[in-house]
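Below, each chain spelled out in residue letters.
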Amino acid sequence: NAGVTQTPKFRILKIGQSMTLQCAQDMNHNYMYWYRQDPGMGLKLIYYSVGAGITDKGEVPNGYNVSRSTTEDFPLRLELAAPSQTSVYFCASSYSTSPSNFFGPGTRLTVL
Amino acid sequence: GENVEQHPSTLSVQEGDSAVIKCTYSDSASNYFPWYKQELGKRPQLIIDIRSNVGEKKDQRIAVTLNKTAKHFSLHITETQPEDSAVYFCAAIPGAQKLVFGQGTRLTINP
Numbered sequence: 279n280a281g282v283t284q285t286p287k288f289r290i291l292k293i294g295q296s297m298t299l300q301c302a303q304d305m306n307h308n309y310m311y312w313y314r315q316d317p318g319m320g321l322k323l324i325y326y327s328v329g330a331g332i333t334d335k336g337e338v339p340n341g342y343n344v345s346r347s348t349t350e351d352f353p354l355r356l357e358l359a360a361p362s363q364t365s366v367y368f369c370a371s372s373y374s375t376s377p378s379n380f381f382g383p384g385t386r387l388t389v390l
Numbered sequence: 003g004e005n006v007e008q009h010p011s012t013l014s015v016q017e018g019d020s021a022v023i024k025c026t027y028s029d030s031a032s033n034y035f036p037w038y039k040q041e042l043g044k045r046p047q048l049i050i051d052i053r054s055n056v057g058e059k060k061d062q063r064i065a066v067t068l069n070k071t072a073k074h075f076s077l078h079i080t081e082t083q084p085e086d087s088a089v090y091f092c093a094a095i096p097g098a099q100k101l102v103f104g105q106g107t108r109l110t111i112n113p
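One line per chain: the protein sequences are A and B, in this order. Every number in the working numbering is 278 more than the matching position in the first sequence, counting from 1. Every number in the working numbering is 2 more than the matching position in the second sequence, counting from 1.
Certain hints may be false.
[What the hints assert, rightly or not] Simulated restraints, written as ranges between beta carbons of each label pair:
(1) B/Asn-5 <-> A/Glu-357: 28 to 34 Å
(2) A/Pro-361 <-> B/Glu-7: 37 to 43 Å
(3) A/Ile-290 <-> B/Gly-57: 45 to 51 Å
(4) B/Leu-48 <-> A/Lys-322: 15 to 21 Å
[Unchecked claim] Which bits of chain B does chain A cover? Going by a derived footprint, with three or more residues having C-beta under 8 Å, they are:
(5) 41-55
(6) 101-112
Since the hints were made in silico from the structure, they are not lab data. In this text, all values refer to a predicted model and were calculated from it rather than measured experimentally. C-beta atoms are modelled at their ideal positions from N, C-alpha and C, and glycine is treated no differently.
For reference, chain A alone in the conformation it holds in the complex:
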């Protein structure tokens, strides 16, 4: 199993550009999450999904959108990138019966 995979690993965006961060898992987990981690800080939940077709906002959803069309994939869309969105983005997944999050390797995003 590859576990949780994320692409790209690094990206530099200009202010106002848009992009999609990809996340996939092959563990048949129902739950998937997107977190951001600012330098020297903890993780904050952006969006999460309890299954295909169901998504909900986390603590810091503004400026982001998600979709969950399949169990395996959970892309995060950034519209009109701003410097405040410079961060490391982690995707995670878990079973519905166990809340332990399995994290992907992260995407380091810089907005200039």
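Keeping the supplied structure of chain A fixed, place chain B upon it in accordance with the hints.
Here is chain B on its own, set in the frame of chain A:
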């Protein structure tokens, strides 16, 4: 909503000594408390967890204790080694399997 406070923010111990990191939570409905270790430039990885119906759990040199009445839980690392140097995060789940993380503790093991 749930709020998790973690202390200390930095901790430096001599190799072989013990390290203790403490967290408090606010929502009495929280029932699951994991601890994650994050090495520099890496992803967080689960190292131990405890559920609210258990007071203590051990895994080799690592242990976690939970005091539901006081709403705090702690990570204990004994016989520390250089590879224990990392940032440690506690978390709590108040419901819907949404983790709320503490701010992190940077642990440094001095040889």
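Could you tell me which of the numbered hints above are not met by this structure, giving the numbers in increasing order? 2
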